[in-house]
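S.K.: Sequence:
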Amino acid sequence: MEFERVRDGSGGMVGCDRGFGTVDSEDGSLRLGKCDGAVAALRRFGGDGVVSGSEDGLVRLWDVRREVEIGSVEAHDGPVTDLRVCEFEGLVYSSGDDGWVKVWDVRTGRCVREFHAHNDPCSQIALLGNDKVASAGVDGAVWVWSTANGDRIAGCQVDYAWPVWCIKAFDARHVISGAHDGVIRVLDVQSGRMSALRGHAGTVWELESVSDKAIASASADGTIRIWNVETMEEVRVLRGHSASVEALSYIGNGQLLSGSFDRSVRLWNVDTGEPTCQSMEGHRGYVRCVTPYSDYVLSASNDATLRLWNRTGTLVATLETSNPVEAVVTLKGTIVSGESNGTIRCWRPPLS
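Letter 17 of the sequence shown, counting from 1, is numbered 17 in UniProt numbering, and no numbers are missing.
Incorrect hints may have been included.
Unchecked claim - Each computed EDC-like pair below joins lysine to aspartate or glutamate, with the alpha-carbon atoms no more than 20 angstroms apart:
#  : residue 1 : residue 2
1  : Lys332    : Asp295
2  : Lys34     : Glu87
3  : Lys213    : Glu230
4  : Lys34     : Glu67
5  : Lys132    : Asp171
6  : Lys132    : Glu89
7  : Lys332    : Glu87
8  : Lys34     : Glu55
9  : Lys132    : Glu114
10 : Lys213    : Glu233
Keep in mind the hints are simulated off the structure, nothing from the lab. Because the structure is a prediction, the values reported are computed rather than measured.
Build the full structure now, drawing on both the sequences and the hints.
M.R.: Rendered as C-alpha cells:
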C-alpha cells in the first residue's frame, strides 16, 4: 500500500516522508517515530501501513516497510481515543476526547465527514459495513451514524451516570456496548430496540466476537462471560483471573486470549470455559494488550515489556522498552508498539 501525500498544505495531510528508522542499541528495536503524547491506538492499513492516534490529537500514517512517517493530520482538539480503518474505501475513522468522530480520506488527507457525537469524550468507535459508524461515550450514550449523509440513525442516551467504555459491531445490524454499570447492551440498528445483558458485577471494559452467534465480555469483576446474541442468554463464565480483565483477542478455533490486572495472560476454550494451557505469568505490571503473533501469543504491559509465549504457556522472548506499552499491532512478521511517552517501535524478533 502506497500512501499519497498532500503537497499544497491546505488543510489536508501534512506530508512528511521522514525516516525515523534508527535501531536502539540497547533493545534491538527500530524506533519508527515519536508522538507528542501517549499512543492510544494502532491499526493496520494495507500490507505495510500502520495508523496511529495519540494524546497530541494527531493521526499519523506510517510505512513500516520503508520505515518512514508518511504524514499526519491534526485530527482532534485533545487526545485521540480510538481508530478504525475501512481499507476498501481508503478511509480512517478517528474519535477523540473532544467528543467528535471524524472520517479521513487517506488518499487526500482531508476530513470527509465529521460527527459531534458526544458531549464528553468518545471512548470507542465501531464500523458497520462501509456506510455506518457507531460511537460510545463517557456521557453514557451509544449512537449510530450514517457516513453517507451524517445523520444519526439509531441509539440512545443510556444513562448520564454510567460511561460506556467499549462498543462492538457484532454484524451489520447489531451494535453491542459495555458500560461502567456492568451492563452489556445490544442495539438493533434497524428497529432501534435496545436490550440488556446482565451478569457482570463490575465495569465492562472489552468485547470480542467469538462466533457468528456469540460475544465475549471482559470485566472489572475478574470474569469473562460468553453471551449468545441471538437468544440474549449467558452461555458460560470463564473464571481464573484474580483482578480486572481489560484485554481480549479471539484467535480462532474456539480459543480466546485474555489479559488482566493480575499481570497474567490466559488462553481459553470458549466452548468449555476452561483454560487450554497454564497461566502465562511473568509481567510485573498489568497486561494492556494481547494478540496472536504467528504461532505465538503476544502480550504488552505497563511494565514496559512485550512478551512472547508459545501456546503451551511458556515464555519464549521478552522485548524491553523504556515506557509502559499502550498499544500493539502486528503485520508481516513485524510487531509495532506504542508507548506512553509517544514512542512507536518496530520489532522483528528472531523466532524459530
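S.K.: Against each hint, give a clear statement of whether it holds in the structure.
M.R.: Structure-based check of each hint:
1. Lys332 x Asp295: Measuring from Cα to Cα gives roughly 13 angstroms; hence the hint holds.
2. Lys34 x Glu87: 25 angstroms, violated
3. Lys213 x Glu230: 6 angstroms, holds
4. Lys34 x Glu67: 13 angstroms, holds
5. Lys132 x Asp171: Between Lys132 and Asp171 the Cα gap is close to 12 angstroms, so the pair holds against 20 angstroms.
6. Lys132 x Glu89: 13 angstroms, holds
7. Lys332 x Glu87: The given pair, whose Cα atoms are some 17 angstroms apart, holds under the 20 angstroms limit.
8. Lys34 x Glu55: 12 angstroms, holds
9. Lys132 x Glu114: 12 angstroms, holds
10. Lys213 x Glu233: Holds. Lys213 to Glu233 sits at ~11 angstroms (cutoff 20 angstroms).
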